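For the sequence shown, the positions run 248 to 306 when the working numbering is used.
Just so you know, the hints here were simulated from the structure itself, not pulled from any lab data. Hints may be right or wrong, so weigh each one.
What the hints assert, rightly or not - The following label-pair restraints were derived from C-beta to C-beta distances:
1) Arg-271 with Pro-249: 44 to 50 Å
2) Gly-290 with Met-256: 20 to 26 Å
3) Gly-281 with Met-251: 21 to 27 Å
4) Pro-265 with Ile-289: 20 to 26 Å
5) Glu-257 with Arg-287: 16 to 22 Å
6) Leu-283 with Pro-249: 19 to 25 Å
7) Ser-252 with Pro-272: 30 to 36 Å
8) Pro-265 with Arg-291: 32 to 38 Å
9) Pro-249 with Gly-278: 17 to 23 Å
10) Met-259 with Gly-290: 33 to 39 Å
11) Gly-290 with Ala-267: 56 to 62 Å
All values derive from a computational prediction rather than experimental measurement. All C-beta atoms in this analysis are idealised placements derived from N, C-alpha and C, irrespective of residue type, glycine included.
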Amino acid sequence: HPFMSVEVMEIMERHYKPVAQRLRPEDRMVGHTGFLLFARKIGRVQSEGPAIEWHTPGA
Numbered sequence: 248h249p250f251m252s253v254e255v256m257e258i259m260e261r262h263y264k265p266v267a268q269r270l271r272p273e274d275r276m277v278g279h280t281g282f283l284l285f286a287r288k289i290g291r292v293q294s295e296g297p298a299i300e301w302h303t304p305g306a
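Model the full structure from these sequences, guided by the hints.
Put into structure tokens, the structure is as follows:
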């Protein structure tokens, strides 16, 4: 099935340590990642039947 408006987003998690007067990432990076995928499914297109005419108000 075809899709449109596909968007992929990577989410990263990294821990930080609060030190006096600054904020620093942990010395050892054990990061975690995840992915979010968004898409809109395109419906089936029928080749038979009357053509659809689109009307834009004010045009």
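Item checked: Those earlier numbered hints the structure runs against, lowest number first -> 4, 8 and 9
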